[in-house]
Every structure is written in structure tokens, then in C-alpha cells.
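**Q** The lines below spell out each chain.
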Amino acid sequence: MNYNWNWGIYWQQSPEGTGTYAMLLLSGLQWTIITALCAWVIALAIGSTVGVMRTLPSKWANRFAGAWIELFRNIPILVQLFLWFFVLPELLPKTMGTALKQLPNAPFYIAVVGLGFATSARVAVQVAAGVKSLPRGQTMAGYALGLSTAQTYQHVLLPMAFRIVLPPLTSEFLNLIKNTSVALTIGLLELTFRARTMQEYSFQVFEAFTAATVLYLILNVLVVFGARALERSVAVPGYMGGGK
Amino acid sequence: MDIIISFLGFFVSLIVGILQFLIPNFDGDVVNRSWQYLFFEGMRFTLLLTLLATVLGIALGTVIALMRLSGIAPLVWFATGYTTLFRSLPLVLVIFWFYFLLPYIGAWAWGMDRPMTVGAFNSALVTFTLFEAAYFAEIMRAGIQSIPKGQAAAGHALGLNYRQVMTTIVLPQAFRNMLPVLLTQTIVLFQDTSLVYVLALTDFLGAASKVAQRDGRLVEMYLFAAVIYFIVSFSLSLLVKRLQDRVAIIR
Numbered sequence: 639m640n641y642n643w644n645w646g647i648y649w650q651q652s653p654e655g656t657g658t659y660a661m662l663l664l665s666g667l668q669w670t671i672i673t674a675l676c677a678w679v680i681a682l683a684i685g686s687t688v689g690v691m692r693t694l695p696s697k698w699a700n701r702f703a704g705a706w707i708e709l710f711r712n713i714p715i716l717v718q719l720f721l722w723f724f725v726l727p728e729l730l731p732k733t734m735g736t737a738l739k740q741l742p743n744a745p746f747y748i749a750v751v752g753l754g755f756a757t758s759a760r761v762a763v764q765v766a767a768g769v770k771s772l773p774r775g776q777t778m779a780g781y782a783l784g785l786s787t788a789q790t791y792q793h794v795l796l797p798m799a800f801r802i803v804l805p806p807l808t809s810e811f812l813n814l815i816k817n818t819s820v821a822l823t824i825g826l827l828e829l830t831f832r833a834r835t836m837q838e839y840s841f842q843v844f845e846a847f848t849a850a851t852v853l854y855l856i857l858n859v860l861v862v863f864g865a866r867a868l869e870r871s872v873a874v875p876g877y878m879g880g881g882k
Numbered sequence: 399m400d401i402i403i404s405f406l407g408f409f410v411s412l413i414v415g416i417l418q419f420l421i422p423n424f425d426g427d428v429v430n431r432s433w434q435y436l437f438f439e440g441m442r443f444t445l446l447l448t449l450l451a452t453v454l455g456i457a458l459g460t461v462i463a464l465m466r467l468s469g470i471a472p473l474v475w476f477a478t479g480y481t482t483l484f485r486s487l488p489l490v491l492v493i494f495w496f497y498f499l500l501p502y503i504g505a506w507a508w509g510m511d512r513p514m515t516v517g518a519f520n521s522a523l524v525t526f527t528l529f530e531a532a533y534f535a536e537i538m539r540a541g542i543q544s545i546p547k548g549q550a551a552a553g554h555a556l557g558l559n560y561r562q563v564m565t566t567i568v569l570p571q572a573f574r575n576m577l578p579v580l581l582t583q584t585i586v587l588f589q590d591t592s593l594v595y596v597l598a599l600t601d602f603l604g605a606a607s608k609v610a611q612r613d614g615r616l617v618e619m620y621l622f623a624a625v626i627y628f629i630v631s632f633s634l635s636l637l638v639k640r641l642q643d644r645v646a647i648i649r
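Heads up: the protein sequence lines correspond to chains A and B, in order.
Going from the first sequence to this note's numbering is simple: count from 1 and add 638.
Going from the second sequence to this note's numbering is simple: count from 1 and add 398.
Heads up, a few of these hints could be off.
Using 30 angstroms as the maximum straight-line C-alpha spacing, the simulated BS3-like pairs for lysine-lysine come out as follows [stated by the list, open to error]:
{"#": "1", "chain 1": "A", "residue 1": "Lys732", "chain 2": "B", "residue 2": "Lys608"}
{"#": "2", "chain 1": "A", "residue 1": "Lys697", "chain 2": "B", "residue 2": "Lys639"}
{"#": "3", "chain 1": "A", "residue 1": "Lys697", "chain 2": "A", "residue 2": "Lys770"}
{"#": "4", "chain 1": "B", "residue 1": "Lys547", "chain 2": "B", "residue 2": "Lys639"}
{"#": "5", "chain 1": "B", "residue 1": "Lys608", "chain 2": "A", "residue 2": "Lys739"}
{"#": "6", "chain 1": "B", "residue 1": "Lys639", "chain 2": "A", "residue 2": "Lys770"}
Hints listed in this document are in silico derivations from the structure and should not be mistaken for laboratory results.
Being a predicted model, the structure only gives us computed values, none of them experimental.
Taking the hints into account, I'd like the entire structure generated from these sequences.
**A** So, in C-alpha cells, the structure goes:
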């Protein structure tokens, strides 16, 4: 076999003139993290709303939430990103469409919105499951105290539901980080894209992918540890694994 | 075959009609010209890849789950490392890894002095099998752990050995209990196969995208592809839900 290993490649200058290959990969990692965090904000906001709607007594809220979840869960994320990136600007009124196409950093915004919406459906499923897992008595107790439905959710149900679904939400966040790599197809300069760039410039395929792999693993470990710390700090005493 | 073609044709013109109704300047012609290519080239590839990767992935995943639960330290480490590694990497990166790595592995395995030509489909199949096996392994582990210990103990008490206990008592029940979850993972896999787009393969999305680029009809082709993906995944998930209810009743 005739593959020429060159582990020093990371410290060589990349032809882009912006620094070493290591810097190239780290800038990719940075975009991965920023995109994932921004998309997570959207996913949490929409996902919590839709998830709560799924548990409301109103039939219409329920149906809307169900349709939302099915719509975003049953289309591959890659196709969803193409719809946002290629199709949406053509369907909007002409001036808006052109403005969207000329947006600086368009792949980033599209990736944030597209991944955010796609992930919102998965978050909604988890949040709804969390609320439904609470005993019915908790809702009734809220009403008995004279709280409105909104207040019951705000003060009684959601604080417990979010704690319960923290572990599955963590794995959804991990999925989101991984899914940012799909956005390389619309030109987001994230970590996998940068590993590809490095491979194309230097022909050092395996060094480039090894570095990306290690960076993804580290990112995963950090998120898992962070989530565990968060779980511990918000644990409710007397509940499963919830401290003293 | 003719029946399938005319049924699909009717179905496609129905979808095109609805899309034309919703979007005034939707060019239905490009879909009418290309749908046979999309289904008989693209969807065939997608379904074949999904099916083979599911079967092989479940087989390999079961082996890994058994290793994980074997209690033999090196096997446990290997299985844990395998599932953790693959589950923390994005599929796109894994696709690229194997696309470049397999020619070298092949050359090494067959003692050739030059990287082997693997072929795009084989490369995709190996990638998806190995990648999904990590997810199937976790599902099978949960399935095996859901079987009461007494059952395996009863098997051993009857004089069955490990292999007999697993193949005749534990695994059949684990499969049955986990069938809905396994199928849900298959739906995920079906959607994930669209990522072979990054290797420019002609799966369903790849075919749609090739026509879209050639004829400058991105809106039409991508919307049509999205509708088809939605219909297939959604109807499969409805089936899984029905199955889940039936399995639940039996238990």
C-alpha cells in the first residue's frame, strides 16, 4: 500500500492563506458549534410550544401540533435544507426571494432555520412525552389552586416536564450537532466541510478525517458532561436519581 | 409491471395536479418526463440500499449487542467502543471516511499493491451497514435486557447451552418486543440514505437533483421529492403504530 502518512500536515499553511490546516479545521468546528447552538434555540422555542400544544385539551391545537411533528419528521433533513435553500426563495415574492438569495452568509441562516425547524419536531415529541408522563393529579391540583391553564403549565407542569426530558433532549442536541454536517451540501463551512477542504488541498485524506473525528468525539464528551452537570443541578429531591 | 407503471403514473399525476393547484407556475411537465427515471433508477437504489443495510445492520447489531452483554471484558470494550464511536459521528463524515478508506482496506485484505476499486453502491452499503449496526445494537441490547432473567435461567436449567438459550428463547422475544423500534430505525435509515447525495450517487434524491440541475427545475423536482419521501415515511410510520398496538396486545 502506498499511502503517505504526514501527521505534520496540520501545522502547514493551507492554500487559502488564512493560516494552518489546524486553524482551517478549528474554524469549521466553530461554525459547527455556532450553527448547532443557534438552531437549538429555535428548536427549543418552537419544539416546546408545539409539544405543549400536543398536550392541550383543545382539539385544534392538538391537530396542528400533530401535523407539525409529522411534517418535519418524515422528510429527510437534506431535502428540508434543499427546500429552504433552493425552493423557498423562488416561491416568495420576487423582491423577498432575491433579498434572501443575496443575504451574506445565506447558508448559515438557512442551516440554522432549517435544522431548527427539523429538530423542533423531535423536541416537541419529547416535551409532550414529558408533560404526559406527569400524574393527572398535578394538573388538577393546579386548577384546584385557581391557576389558569397557562399558569398551570408555567408553574406546575413544565418545570417538572423539562427536568424529566433532559436526557432525551441532550441526545437530540447531540443529533443536532451531528446534523449540522448535512448543511455542507448548501455550502456551510462546518467541520466536515473543512475536513473535505483539507483533503482536497493536501490529499491527506485520513489525517483530515481523523482530526474531524477526534474533534466530534471531544465535542460529544463535553456536551454529555455538561448535560450531566445540568441534570444534577436541576434535579428534584426525591425523584429518580435526583439527589437527596 | 405495466400495472405498477400505470398505478405509479396515476399517483404521480395526482401529486403534480395538487402541486400545480398550490403553486401557480409549477411546471408539471418536467416531473411527467422524469418520474420513471426517478422511481426505477433512484427509488430502486434507495429501497435496495435501505433493505440490505437494514438486514445486515440488524444481524451485525445483534452480534454487537451480544458482545456488549457477554461479560467478557475485551468483547464488552470492543462493542462499547464501536457503538459509542459511530453514534458520536455524523453520518456524512462516516460516508466520506469509508468512501476513501475502503479501497485501501480492500487492497490490504486481498494483498493488492494498489487501492481496490470498490464501487459506489458497495461503498454505500458497507457504510450504512456498519453505521446503522451501532444503532441497531443499542436497540437489540434494550430488547435483550427486557427479557426477564428467569427465562435464560430456565433455559440453562433445561440443559440448553448459551447459543441455544439465545437463539431459541431470548432473541426471538427480543426481536418481537423491539420490532416497532427496529422498524422506526429503518424509516430513519430510509431517510438517511438521501445523504449518498454527497457521493453524487443516483438514489431517489440524487436522481431528482440530476434532473433538477439539467433542466433548471429545482423547485419542481425538490418539492416532488419531498412529497414522495413524506408519503413513504409517513405511511410506514402509520404501519409501525398499528404494529405497535398489536404487539402490545399480545404481551
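**Q** Give a verdict on every hint.
**A** Each hint, compared with the structure:
1. Straight-line distance between C-alpha atoms of Lys732 of chain A and Lys608 of chain B comes to about 26 angstroms, which keeps the hinted pair within the 30 angstroms bound.
2. The straight-line distance between the Cα atoms of Lys697 of chain A and Lys639 of chain B is roughly 21 angstroms, inside the 30 angstroms bound, and the hint therefore holds.
3. Pair hint Lys697 of chain A plus Lys770 of chain A holds up; C-alpha atoms about 16 angstroms apart against a cutoff of 30 angstroms.
4. Distance check on the hinted pair: Lys547 of chain B and Lys639 of chain B sit about 28 angstroms apart at the alpha-carbon level, within 30 angstroms; holds.
5. Among the hinted pairs, Lys608 of chain B with Lys739 of chain A is consistent with the structure: their alpha-carbon atoms are about 21 angstroms apart, no more than 30 angstroms.
6. Between Lys639 of chain B and Lys770 of chain A the alpha-carbon distance is near 18 angstroms, which keeps this suggested pair within the 30 angstroms criterion.
In this structure, none of the earlier numbered hints is contradicted; all agree with it.
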